[in-house]
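Enquirer: These protein sequence lines map, in sequence, to chains A and B. Each residue of the first sequence is one higher than the one before, counting from 778 in my numbering. Each residue of the second sequence is one higher than the one before, counting from 370 in my numbering.
The reader is advised that the hints may include incorrect statements.
Claimed, not checked - In silico SDA-like cross-links for lysine to any residue, where the CA-CA straight-line distance does not exceed 25 Å:
(1) B/Lys449 <-> A/Val899
(2) B/Lys449 <-> B/Val461
(3) A/Lys961 <-> B/Lys449
(4) B/Lys449 <-> A/Pro798
(5) B/Lys449 <-> A/Ala898
(6) A/Lys1033 <-> A/Thr956
(7) A/Lys961 <-> B/Lys379
(8) B/Lys371 <-> A/Pro894
(9) A/Lys961 <-> B/Ser580
(10) A/Lys961 <-> B/Thr572
(11) A/Lys1033 <-> A/Leu950
(12) A/Lys961 <-> B/Ser445
(13) B/Lys379 <-> A/Leu822
(14) B/Lys379 <-> A/Ala898
(15) A/Lys902 <-> B/Gly536
(16) B/Lys371 <-> A/Val899
(17) B/Lys371 <-> A/Leu822
(18) B/Lys379 <-> A/Val899
(19) A/Lys961 <-> A/Pro940
(20) B/Lys449 <-> B/Gly536
(21) A/Lys902 <-> B/Lys449
Stated by the list, open to error - Short derived list, chain A residues pointing at chain B, Cβ under 10 Å:
(22) Leu782
(23) Pro814
(24) Thr937
Treat the hints as calculated values from the structure; they're not laboratory data. We put the CB at the ideal spot given by N, CA and C, even for glycine.
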Amino acid sequence: MMALLVDTLRFLAGSAIDVLPIAVFLFLFQRVVIGDPMPNRNQILVGFGFVAVGLGLFLVGLEQTLFPLGRLMARQLTNPEFLLNGVAAVSSLGWQDFYWVYIFATAIGFSTTMAEPALIAVSMKANNVSGGAIGVLGLRVAVAIGVGIGVSLGCFRIITGLPLHYFIAGGYLVVILQTVIAPKLIVPLAYDSGGVTTSTVTVPLVTALGLGLAEAVPGRSPLLDGFGLVAFASLFPIISVLAYGQLAVLIERVSKSRRDRRDLDKEEDHAL
Amino acid sequence: MKDSLYALGKDAVDSLRDLLPIVLVIGVFQIFVIRQPVEDLMSLFTGGLLVVAGLACFIFGLRLALFPVGEGLAYSLAGKGSIFWLVAFAFVLGFGTTVAEPALIAVAAEAADVAAAANVIEQTTEAMQVYAYGLRIVVALAVGVALTIGVFRILANWSLPLIIIGGYLLVVLLTELAPPEIVGVAYDSGGVTTSTVTVPLVTALGVGLASSLKGRNPMIDGFGLIALASLTPILFVLIYGILA
């Protein structure tokens, strides 16, 4: 309990220093460039106080909860006794034996993204701007599938130890190709969705999961293989949202041609 | 007063909703798949409460102070037409918000832990703090530079796809030169920076600027800044790794 208190105070002092630059900058700009004193100065000082306290509490909670949880899940899901009931040797494990890791990674990526408030707001805006062509739920599901696949594929990369930049460079190649053929309306939205999805709560958990995996899987090092999940989680929503746009156009085209054919059939009926 | 309490409560509910899917997924896995007792359940629980309370205070404070002031400044500077102050503001905004970005603080600390465990840096608290802080400053500088380039791009109407594609080609090139232990951290830092604090303010700057210039689309120009801010941290951290 005492240790927790000391920890909290230490983090509070640290986060006050973290918030200081932006606070000072904003006051300076208001004073020097705009030339007016800050409106509602007291409210703003209270606000910065809340920011510093909140940041400090969040970081303490993070070290106590999200980091240990991510590592614990990685350790338990890669435990040979859990995977094989202790029958086979650890060295005989192939990447496909870690299927629970992939299922867990997909579930975490998908569910945290579906609940992300920033994404809900963006989806509603996109629905408005596009005049209903982009569905709120459709976009959210598209982004969430992208994050789920991304985190899961990132875990596959950590387990196999394949080079990170092959995946990322390959992924961006796909993005460039899709950008050329996807409907123009969806492109800015898709690029945005990459940044929006990785929320403040998800990033630490996913980072800890990656590091835990790299620690637990034989032959992997956290230093060389442990990072990269966040990069996957930011890249794959771009691909899935672009694909969603392409799919919407395709469905529209198919149903239109079917409608046309039906109209044609009707006309032929009339002619007969 | 009552309104503020209500707003704070709403932020707490939102943070709880952020955490809920994690709790549910991990809970289901623990109960049905792993089926082993979890140690330190109490500590996990109090930690979770701290995360929710902290995030709620943080977002509440942002809405009270940082967002209105930052947005106000962004709009009035964009309308003022002084390129020097506009660029200076863009840089400072990118730098300052990134230093205060919680996800980056967390990831930088983890990176320092890992580097110390692998003996890349000394295994002292001080060396780890220096490493983590260095990483954060590099990323913050990168976001500052990204916004500076982004503002120039909006003013001069440069092609965004060309800059982005060129940037990612440079990333691939630098990856070959950089020490392998920095590559993962560098790629992650791109996704980490554009988060809670940075995105709303950067969007305000882009939209404010684009709407004060004739013939620009606020949606496209606002998004361009964020795309740049996800790219430059990768480049900067790779270069930092090569130089260090």
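Enquirer: Which of the stated hints cannot be reconciled with the structure, identified by number in ascending sequence?
Expert: 1, 3, 5, 7, 11, 12, 15, 16, 19, 20, 21, 22, 23 and 24
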